[in-house]
Each structure stands twice: as structure tokens, then as C-alpha cells.
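Can you make the complete structure from the sequences, with help from the hints?
Residue numbers (numbering that gives the first Met the number 0), protein chains in the order written: chain A, 0 to 241; chain B, 0 to 289; chain C, 0 to 316.
Derived from the structure by calculation, the hints contain no laboratory data. Every residue gets a Cβ at the ideal spot worked out from N, C-alpha and C, and that includes glycine. Any given hint could be a false lead.
[To be verified] Computed footprint of chain A on chain C; a stretch qualifies when at least three of its residues, placed anywhere within it, have a C-beta under 8 Å from a C-beta of chain A: (1) 162 to 176; (2) 181 to 187; (3) 191 to 203.
[As the list claims (entries may be wrong)] Derived BS3-like pairs: lysine-lysine, alpha-carbon spacing no greater than 27 Å straight-line: (4) 78(A) <-> 109(A); (5) 301(C) <-> 1(C); (6) 109(A) <-> 1(C); (7) 185(A) <-> 78(A); (8) 89(B) <-> 301(C); (9) 188(B) <-> 91(B).
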Amino acid sequence: MTDLLTISGLTRRFGGLTAVDAVSFSVNRGEVVALLGPNGSGKTTVLNMISGHLPPSGGTIALSDEMISGLSPNRIALKGVARTFQLVRGLPSLTVAENVIASLAFGHRKLWGAAARTEALARLEEVGLAHRADQSAQDLTYIDQKRMELARALAAEPELLLLDEWLAGLNPTELRTGIELIQSLKGRGITVLLVEHVMDAVRALCDRCVVMNAGRKIADGPTEKALSHPDVVTAYLGGGHA
Amino acid sequence: MLVTALLSGLVLGGTYALVAMGLTLQYGIARIMNLAYGEMIISAAFLAYVLYADAGINPVVGLLIAAPAGFLLGYVVYGVMMRPLVARAKDKASLEIDSILATFGLLFVIQGVLLVIFGANFTSYNYLNVAVDVFGTNIAANRLLALVMALVLGGGLYMLLTRTLWGTALRAVAVAPASAPLVGINVDKAARMAFALGGALAAAGGVVISMYQTFTATSGVVFTMKALIVVIMGGVGNILGALSAGLILGLVETFVATYIDPGLTLAATYGIFLAILLWRPAGLFGRASR
Amino acid sequence: MKSVLSLQVALFVVIVAALAFLPVFASPYGLTLMIGMLGYVTLATAWALFSGPTRYVSLATVAFFGIGAYTVAVFSESMAYPLLLLVSAAIGLLVASVVGFATLRLAGVYFVIFTFGLAELIRQLVTWYEVNMTGTLGRYIFLPVTPEGIYWQLLGLAAITFAISWGVGRSRIGLALKVIGDDEVVAAHCGINVARVKLALFAVSSTIITLVGAIQAPRWTYVEPVIAFNPTVSFLTLIMALLGGANRLTGPLLGAVPLFLLFEWLSANFPNHYSIILGLLFIAIVFILPRGVLAFAEENWKRWRRHEVKTVPGVAE
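Put into C-alpha cells, the structure is as follows:
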């Protein structure tokens, strides 16, 4: 297997605070990797730098040997990175279908017209939202907005999909569907890097975990091994338990 | 010449600082960009003029009438016009656009009323228009009084905001509107108070301006712009920033008028403003936030 | 679908052609009125082209309008008329590109204030230049252009603006603008070059506005900065587009026609209360019709239809 994403020495400072401190890890093609850590450990900041939302203060990010660190988000998107956001970001003045068409029309596929519409409906079908295609996006429930956001990300046919707590807030049934959905992506050769707090989902989905605490990487390895790493236990449960 | 320019610049700057403090309270705490702010200033200027010319009440006493009136106007405008907009706003951006458009409307209404009552003529009155010798140059006593009033009012406001619990609560809302309720601050009440206080400062500024400048029913826009320049230069919600930025703007204007060309004063003002918006939108003294 | 489209196009062509014959019947006053109205229809439509979907409230309308008018005034004696229009458009495009490039990072209140300040700055600079460099404040424009000629040019420009606005609304770039208006971060993550799209549309919109100023300039015969850069032009354009609904093709038109006539009537009969009524209209639109007349009518129509369906026995859920 070859590396799809290679991050080395990635650093981000906000004023005096170092949110991400020299983090290095890589993600192989076709893998599902979880980025874990307590709140405030810098996970979302890492995702933001990969997708280009934030420029790194230092370090590099490479996508299949091509440097993408510091590029603008639209260029990174065109290179095959798609994402969802921690606080779901729908486009409220558009319909659900148009939300998906937005990434079809401007992504590397440049679909438009009837072709885009057909493709958008197919993507919505995948996440179980096709029946709402022509509703206004602002009328969707929270869960459906998350589905729509995933459909939008999938429509870009990304090589690398970044999911920022996409499973948070789902009920048990929805969670099961959600996990199955992500699992099905694996079969299609999509590489996934996800930030997640739902541990059952992480165990069910991920081949590997990268664990962060206070901006630093503290563990990296196969899921069970990484989760039982003493530093990880300390970070999650507090120093007294170690 | 230098001392004269310096003194005139300080007088002008003190006035700008006073006026800008009100706007920075309104925008920083109540989160309303009040584009009718200059019209509130000019209304107070006309009030002072009427009080002095028709009733013989001197502007210092006029201030005691105008400032509470401005407070009341701000309080009512916030309660009637702004609160419904705040309540229905889905996000910060839609509130911004709504409040800009609504206060634009208010701008035209107030300006129209002033035009109907006072016409479009330049207005001024003579109060304490005698020369006083300061550091070897002559300056009109009314200008000196204007400077003193601006400093006293500005200083008083600063003390009020930094030394009282009430002021601290207002500043807390400016810094963290989302977490202020967690410590028992009523954000809605704070916003209304800040807006009203801003109205009082606009009125005070208007009285001060009327003492030494000519004004017309349509000159409000210029004051809004200048107050905005000072607010953005000083950093939104930053009282000390507004004070220093006001003085800087007053000095720059006076120096451009004295040494370069009076015709370029306004152009210089707008030039500074546009430059700051582009290069330091967080203000000269502010750090870029997040 | 295809037939509806060709019907729409045919209707558009017929309306424009019918309007082209209007000067044959109209009185001189009627023609003057039509010129003013067409001017504002074009301004409001061009304004909405950029500001409607992106929600960037621009008050720079008069900056470009004035640039157009002033360019014609300055070069009216040294250039052929068609060249005048070209030069105006080129200057407008240049200024729009520079300004657009500089203001891409500004949003919300800052953008509004910047555009307002820009118009004032340009007016101050032109005034200063005229007073100090040329020694005169005003300029006379003597051009062999008849009112009919101005009318036809404006009609052509209005038709082109509509066609552009229609085309943009159906194209990818139209969707890109809407996505940007909703969320610039999402737009960029969808692969949209946000800066380029905004800049392109701002430039197109501003160039059209410049041309409106340039074409109307000969009507004045005398121009000075206070006339050419009168901020009321920006305010009226804004409120017209908002009244009709800045997000729809015909919204600005529906706002511009009644408001133009209203203000024309007001300035003739109540010149002193003009500003008060303008202000009250602003406030009324914000409170009653925040998304424009068209959206308001559509919502109520839908509600009414739904109501009607529900009252039919057996159909109610």
C-alpha cells in the first residue's frame, strides 16, 4: 500500500497558543483512519489545514507526493479532497439537490445540467435523501443536513474524504446506518480520515488511529493498540488513572 | 502655526473621540451598525442651537438637556426598531444587513425632518467666541471649552465602563456575547443600555460640535463616516482605542488642511479610512482575531 | 421545457421591439421619464447581478455611474462618441478590477462602508482635481446625441443587462454566486475560486453601471462632481433592487419602475419630504418585505394554494 496523505511536522499557532505542534502521520490509500483526542487537542485544526481552510504555520501536507499545504481550499478540493464540517454547513438558500450539484459543477468532474441532476439524485439516494431533493435545504432536520453534507462531499468523488464528527448526534439506528454507509466507501476505494468521539464507530470502522493531546501526537497504530496505549488512557481519563 | 495646528487638531480630535466612543458602544456591544448616528449628532447640534438662539440657554446647560434626550432616543430606537431585527435574525450577517438598511432608513427620516424644519442652510451661533491666549497663540474660547467637555465626558465614560460593575458587564457583552448570560448578564438589557448610552454620547458630541463649527441638516453622513473611521481605527468596542484614534484623525485632518490643501481634508480622511479597512481591519491597536 | 424557453425569448424580443418604437409616440416629457426609468432599471438589474446572490451590499453604484458621466464630460470634445463610451467602459472596468481586488477580503458592514467611502473619496478627488488643476468645477457637455438616441442606447444596454443576468442565473457561475452568498467556506471547499467569481461579476456589474452614467451624461449638458456623484443614486438603486427582490431576474425591474415613478412624483410635488419618505420606505422594506415583493407574493400564493387544497374534502391529510 502507498501513502495517499503524508503529514510531517504540521504546526499551527494562534497568537501565543500552539494548537497543533509538529504533528506527523500518514494515511494509506484505501484506509479508514480515525483522528482522536480530547476536546481542544487540535484534531479539527488538522482537518482544517488539510482541506486548506487554515494555512499551516509550519510543516507540510502532501497528497500522493504532491504538496498541498498552503494551497487555497478550492485548489485542494480539485486535487481530490472533500470534507464535512463539525457544525454542519448546508447552503440554506438552495435546494437539497442544488447543494449536491454545487460540488458536481465546480469539482474536478464539472457536471452540469441534466447529467448533474441525475448524479445528484443518485448521491442523495445513497444517503437516503432522494425524496427530499427539491426541498429547501433550510427545512431539513439536523440529521438530514448531515446526510446532505455527506452527499455533497461524495459527489466530488474524492480520493480523500475528511469527516469531522459526522456521526455525532445520531440516534442508535441512524448510527448503524451511518457506520454502514462509511463502511461502503471503503469498497469504493475512498480513503477516509475521520475525527470522531463515538468509540463504537471508531472500533467498527477504522483500521488505524492517530491520537492527539494538547496539539501533539501521542499514539499512532492499529485501533485497539492505539486506544490501549498508556498515554492515550491518561489523556482521556486524566493523570490519576494511569 | 504649528502650535495653532496642534491645538485645533486636538480640539477636533477630542470631538471625534467623544463621538466615536458612542458608536463603538453601539456597534461593539449592541452589535448594531447605526448609520443614522451622524443624524443623531446633528439633531443635538440643532437642539443646542435652538436652545441658545431662541431660549438663551447656554450650550453647557444645553448638554444636560441633549444628553438625556439622546439617551432616550437611543433607548426607544433600540426597543422599537432594533430588537425585532435582533430577534428574527438567523445569523450575524443577516442582522448586519437588516440593521444597515433599517438605520439607513432612519438616517433619511431624521435628515428629512431636519431639512423640513431648518432648511439646507449652514447654521451656527456665537457662544464664547473670544480669543484666548494659549502657549502664545490665539484660540477661540469655545473651542477650548469643547476640548475640555470632550475630555471630561470621555474620561467619565471610561471610568464608568472600567470602574463600575455595570460597565464591566457591558464590556463583558462586547467581548463574549455568547457566554455573558452564563454569568447572569442580561444581554438584551446590556445591548439596549449600550445603544442608549451611545445615543447620549452622540447628543453630547452634537452639542460640542455646534459650539465651534457650522453644520447643515445634511452633514450627518460625514460625522457618521468619521466616527466609523475612528471606531475601526481604534478597534471595535475599544474605548481607549477610540480616544487615541479620534485624536490622531483630528490632528491628521488639521495638518492636511494647514500644510497641504484644505480641499484635500475629506479625501485624506476617506483615504486613511479605506487604507485601514484594507490593511488593518481589526484596528491599529487590535490584534487580528482568530 | 424548450417551448417555454422560446416563448420567453420571443416575448422578451417583442417587448424590447415595442419599447424601441415608443419615442415615435411619446411626448418629450414622456421620453425624459422613460430615459430616467430605463436608467434605473438597468442600474438596479446590474447591481443585483453581483449583490443579489452574494449579499454584498454595494453603495459604490454612484462611484461608477459618476465615473462614466465624468469621463464623457472630460473627453466629449476630443473623441468620437462611440469611442467615448468605450473609454468610459474601460475606465469603469479598470477601477472595478482594482477595487474588487482590494475589497475581496471585506464582508458585511465593512464592505458596505468601504463602497460608500469609495464613492465619496472619488468625488472629493475629482473636485480637488477640477478646482486645482483645471481651475473650473463644472463642465459643459455638447454632444450631437438626441434624447431618442439616448433612449435607444439605454434600451439596448438594458436588454443586454437582462440577457447577461438571465444567462448568469442559469449558468454554473450563477450557482457559484449563490453558494458564495450562502457560505464562502463551503464554496471554496466545493472547488469554487471564490475570489475570481466575485471579481468577475463585480467587474461586469460595475462596467454596466459605468455605461449607464456615460450614456445619460449628455442629458445634463452641465456636469459637476456634486451632480455626477450624488449618493442618492446608490441609495435608490439599492432600495429598488431590494423592493423587487434582488435574487430574481425581474425583481429589480419590478422595484425600479414603481419607485422611479414614485420618486419622480415626490420630487415634483413634495420636494421637501422626499428624504423622509425614502427613509420610511427603507424601514418598511426591511420590516415587511425583507426578501422583496416577488418572494412575498410567491409565499402568500403558495400558502393560499395550500389552504385551498386543504379545504377540499377528502384531500386534507
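Taking the hints in turn, this is what the structure says about them:
Counting residues of the stretch 162 to 176 of chain C whose CB lies closer than 8 Å to any CB of chain A gives 3, so the stated coverage by that chain holds, three being the minimum. Only residues whose beta carbon comes within less than 8 Å of a beta carbon in chain A count, and the stretch 181 to 187 of chain C has 6; three or more means the coverage holds. Taking a C-beta to C-beta cut-off of 8 Å, the stretch 191 to 203 of chain C contributes 3 residues in contact with chain A, enough for the three needed, and the coverage statement holds. For the suggested pair residue 78(A) and residue 109(A), the alpha carbons sit about 13 Å apart, so the restraint of at most 27 Å is met.
Between residue 301(C) and residue 1(C), the direct Cα distance comes to roughly 26 Å. Compliance with the 27 Å bound is thereby established for this hinted pair. Between residue 109(A) and residue 1(C) the alpha-carbon distance is near 23 Å, which keeps this suggested pair within the 27 Å criterion. At roughly 19 Å between alpha-carbon atoms, residue 185(A) and residue 78(A) fall within 27 Å of each other, so this suggested pair holds. Between residue 89(B) and residue 301(C), the direct Cα distance comes to roughly 23 Å. Compliance with the 27 Å bound is thereby established for this hinted pair.
Restraint check for residue 188(B) and residue 91(B): the C-alpha separation of about 19 Å stays at or below 27 Å, so the hint holds.
When the structure is compared with the earlier hints, no violation turns up for any of them.
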